[in-house]
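Please take these sequences and the hints and turn them into a complete structure.
Taken in order, the sequence shown gives residues 1 to 87; the numbers are from this note's numbering.
Quick caveat, the hints were computed from the structure, so don't treat them as lab data.
Fair warning: there could be bad hints in the mix.
Claimed, not checked - Derived DEER-like restraints, expressed as beta-carbon distance ranges:
| hint | residue 1 | residue 2 | range |
| --- | --- | --- | --- |
| 1 | L39 | V64 | 38 to 48 Å |
| 2 | F55 | L17 | 39 to 49 Å |
| 3 | A49 | V24 | 27 to 37 Å |
| 4 | F55 | V24 | 40 to 50 Å |
| 5 | L43 | A20 | 16 to 26 Å |
| 6 | L32 | V65 | 55 to 65 Å |
| 7 | N41 | Y21 | 21 to 31 Å |
| 8 | C16 | L39 | 14 to 24 Å |
| 9 | T11 | Q46 | 33 to 43 Å |
| 10 | T19 | L51 | 33 to 43 Å |
| 11 | Y33 | L59 | 40 to 50 Å |
| 12 | L51 | L14 | 39 to 49 Å |
The beta-carbon is built from N, C-alpha and C at its ideal position, and this holds for glycine as well.
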Amino acid sequence: MAVLFNPLYFTFLLICLATAYAIVQLGLVGPLYQVSKTLGNELQRQATARLREHFREPLLTEPVVARSQSAPHENEDLGHDEELRTL
1 MAVLFNPLYF TFLLICLATA YAIVQLGLVG PLYQVSKTLG NELQRQATAR LREHFREPLL
61 TEPVVARSQS APHENEDLGH DEELRTL
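Structure follows, in structure tokens:
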């Protein structure tokens, strides 16, 4: 119902139908299917390559030092705050 009462949707529907009619009449269904298939395969190939590159090697980070929760201020390094202030 929204397509019938909204002029923008109705115009878009007419344009889509006219485009589909032209594609069928000009015999472009096969080439359009082939281009779509090639585009999908290329998209899948690039996504697979990027995911493999991302998960190939884990990033090495500095180990996290565990602190006791009863007294967090006792184990803090005061020199670290001075380094941050000078940056």
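So, going through the hints one by one against the coordinates:
1. A C-beta distance of roughly 44 Å is found between L39 and V64, which places it inside the suggested range of 38 to 48 Å.
2. Roughly 45 Å separates the CB atoms of F55 and L17, a value that falls within the hinted 39 to 49 Å.
3. With their beta carbons about 36 Å apart, A49 and V24 fall inside the hinted range of 27 to 37 Å.
4. At about 44 Å, the CB distance of F55 to V24 agrees with the hint of 40 to 50 Å.
5. With their beta carbons about 23 Å apart, L43 and A20 fall inside the hinted range of 16 to 26 Å.
6. Evaluation of the 55 to 65 Å hint for L32 and V65 yields a pass: the beta carbon distance comes to about 60 Å.
7. For N41 and Y21, the Cβ-Cβ distance of about 28 Å falls inside the hinted range of 21 to 31 Å, so the restraint holds.
8. For the pair C16 and L39, the beta carbons lie near 19 Å from each other, so the given range of 14 to 24 Å is met.
9. Between T11 and Q46 the CB atoms are about 35 Å apart, so this pair conforms to the stated range of 33 to 43 Å.
10. In this structure the supplied range 33 to 43 Å holds for T19 paired with L51, their Cβ-Cβ distance being about 34 Å.
11. Against the hinted window of 40 to 50 Å, the Cβ-Cβ separation of Y33 and L59 comes to about 42 Å, which satisfies the hint.
12. For L51 paired with L14, a C-beta distance near 41 Å keeps the hint of 39 to 49 Å intact.
In terms of the numbered hints stated before, the structure departs from none.
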